[in-house]
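Protein chains: 2
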Amino acid sequence: MSDVVIANRSRAAAYMERHGLAALIATTPENVAYTIGSQLRATNWTMQIYAVMPKNPEQRPCIIIPTNRLGVIAQMGISGADLYVYSDFFVEGSIAGKPSTPDIDLFYDLLQTTPSYATPFAALEAALTQLGIKGQPVGVDEMRMAPDIYSKLTELLPSGGAFPAYALFRQIRGVKTEAEIALLKKAAALNEQAESELIAMIAAGVHEADIAQHYRLAAVKGKAVPAMTAVGAGPRSALPLIENYFHTIAPGDLVRFDLCLQLGGYWADTGRTAVLGEPTEWQRNHFHYVKTGWERALDMIRPGVKASEVFEAALTTVQKEGIPHYRRQHVGHAIGLELYDGITLSPGDHSVLEKGMVLCVEVPYYELGAGGFQIEDTVVVTEDGFEFITHMERRLYQQ
Amino acid sequence: MSDVVIANRSRAAAYMERHGLAALIATTPENVAYTIGSQLRATNWTMQIYAVMPKNPEQRPCIIIPTNRLGVIAQMGISGADLYVYSDFFVEGSIAGKPSTPDIDLFYDLLQTTPSYATPFAALEAALTQLGIKGQPVGVDEMRMAPDIYSKLTELLPSGGAFPAYALFRQIRGVKTEAEIALLKKAAALNEQAESELIAMIAAGVHEADIAQHYRLAAVKGKAVPAMTAVGAGPRSALPLIENYFHTIAPGDLVRFDLCLQLGGYWADTGRTAVLGEPTEWQRNHFHYVKTGWERALDMIRPGVKASEVFEAALTTVQKEGIPHYRRQHVGHAIGLELYDGITLSPGDHSVLEKGMVLCVEVPYYELGAGGFQIEDTVVVTEDGFEFITHMERRLYQQ
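Listed in order, the protein sequences are those of chains A and B. So the first sequence is residues 1 to 399, counted in the working numbering. So the second sequence is residues 1 to 399, counted in the working numbering.
Pulled out of the complex, with its shape left as it was, chain A reads as follows (with noise of 0.2 Å):
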């Protein structure tokens, strides 16, 4: 993600005009990756890290981290933020003729040349005096900075305090920039050739706990970070989540597969059903049910229809096209920087879906003591509908 332009910052500006802010501080580091273009990791909860993203687009972005991660910075060449940094760290040398790479050169011209604070709040109490916006409004992502920190922060605002703006950032994320949609594309081909992998690999006698294995190693080969691995076979396909594994292969099961990596700061989420052997009718039927009503999700999918809309017409058709006790919470939700980016496809978020949103399409069904079937899919909101992000075929796979 190094310096590629991630935020639409003109969005951006928008909402901070509707709500009367100078500016939005980012603490998540998904809001901070938003706000710099680049994933800036904390050791601990103590560690703070913020960016600042002011309201006027022309002005740069801000940066408030630990002295000992100008390093990082240099070696993930982020340049288009201005840093400020707090805390001590030592590094001695100078490399005037010295052995050198073009990060430790960065490095070193950093730590020259950073405004260095004593405290992680100096540091973003000097950014927004130079932002020229202290003691105006600002939003702060409220979910990852220190209570005391935001409390001292509080006396630097408006009376009123700060708005909290995790929800706000939220908003502005859920319509994605090219560059943005771009990273989900790789995420979801990295992750739907790791889940092609791990169908081909069905056979009797395979245990579950192999198969999600490899798809861990998949993820991690191709630079990503695994996370839920849901590789649930026979009877164990009915469980949603899926954390461990027990279950052996054997003819006639049901695999379903749910499967979320991060790469590049961004989420896949893919999910498929498998049959070992020859489906019984029970499972083709209930498989085509599943299917009907993930396509009726996607023909509801365009700018202007409301994300409850598409839950109520999967729903409903889920129940008449075979399951009259189908229930259901929500038939998906945006992905981007969070696996769960905002809003969700549910029968209480009447959200308006605009064009460059993207979402994760799925409408499952659990049956405990008999099987789950899983189709879900990524795509981007079109102009007049919407296009896969997300390419394997869509059928019941048979091994």
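Since the hints were derived computationally from the structure, they do not count as laboratory data. A portion of the hints provided could be inaccurate.
A pair counts as met if it fits within one copy or between any two copies, since identical chains are not told apart.
Said to hold, decoys possible - Below, computed lysine-lysine pairings styled on DSSO-like, alpha-carbon distance capped at 30 Å:
#1 K223 with K185
#2 K291 with K98
#3 K320 with K98
#4 K185 with K221
#5 K291 with K185
Because the structure is a prediction, the values reported are computed rather than measured.
Following the hints, position chain B against chain A.
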């Protein structure tokens, strides 16, 4: 970690007694894991997962989770805590006489019997009521509770609000239980195995990136989560934190490793230094200075000594031994459920060492343009000194 008793409940009770608290509410994944003996992951920042640790060690802890996590609870074999769930989640079917597995049986049972609430706050309130401590003072791990819920919780509590308990949890966790030490040893052993493989890979023409990737795969093969993978060769051995790789190893290069992974929730963090070929006098000497400081730090470690005293002794030793300008912000840190798990061996930390504390001891030297040196080991404080948790030879490795 399933159902191993991890927490030191009597130590926790003593700290709660001292602060007049009836319970502690864990909100960060680490403090939740400590309280219940198992890790539970949240999907995003809005998802709230809490664990309540009552002061009375005879009372079971409580877990507050979204309903969909019940399957994970069943799969992990978590049975030492009472469950309170919130939010809708639909799974159909019955299991009587149908294909199942023990985790499905348990999941089904939990779905029928677990008290369910509309919101995480209502579930938390029910847990406090059930424990008979609603309205009594409690400590709240303030780092990972959504601020709106934190405010609401304050209304339940005596005036003065919640006692911020993140630091208190870390103090309690500071002295590890036998079960925790066993887990830290497992993590360290895996990390050392990987580090040995990495040292063996050092050869002319090998890229840092290939060594780093080998580490990540070795961690995943060992069921661990790889984190900071500092593999810096040649000039890049002088970089403290390494998150990107640019150098191909050449004869004479120092290669500095600082490797972190998490296994079963517990961290390992080990460092070694190697050289390709014969070390120069400068390399040999500087490794010796660092090693002498590191040995001095270890000499100091025993119950009753202050963290800052260990720091001072190591620092002055390195300065006298051969690097008069030697500076350092710390010479080690507690390790456990967090990589930086509480105290640091630093000038400002006057915590007194206690038996059962687990510390990483490191006295690195970074000189840009010249090279970097690291020995980092993990030790547990014993009655009259310490015992190593890491076992690799502490020498300047030669390949």
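Going through the hints against the structure:
no., hint, result
1, K223 with K185, "both (15 Å within a copy, 28 Å between copies)"
2, K291 with K98, "between (63 Å within a copy, 25 Å between copies)"
3, K320 with K98, "between (74 Å within a copy, 26 Å between copies)"
4, K185 with K221, "both (17 Å within a copy, 27 Å between copies)"
5, K291 with K185, "within (23 Å within a copy, 48 Å between copies)"
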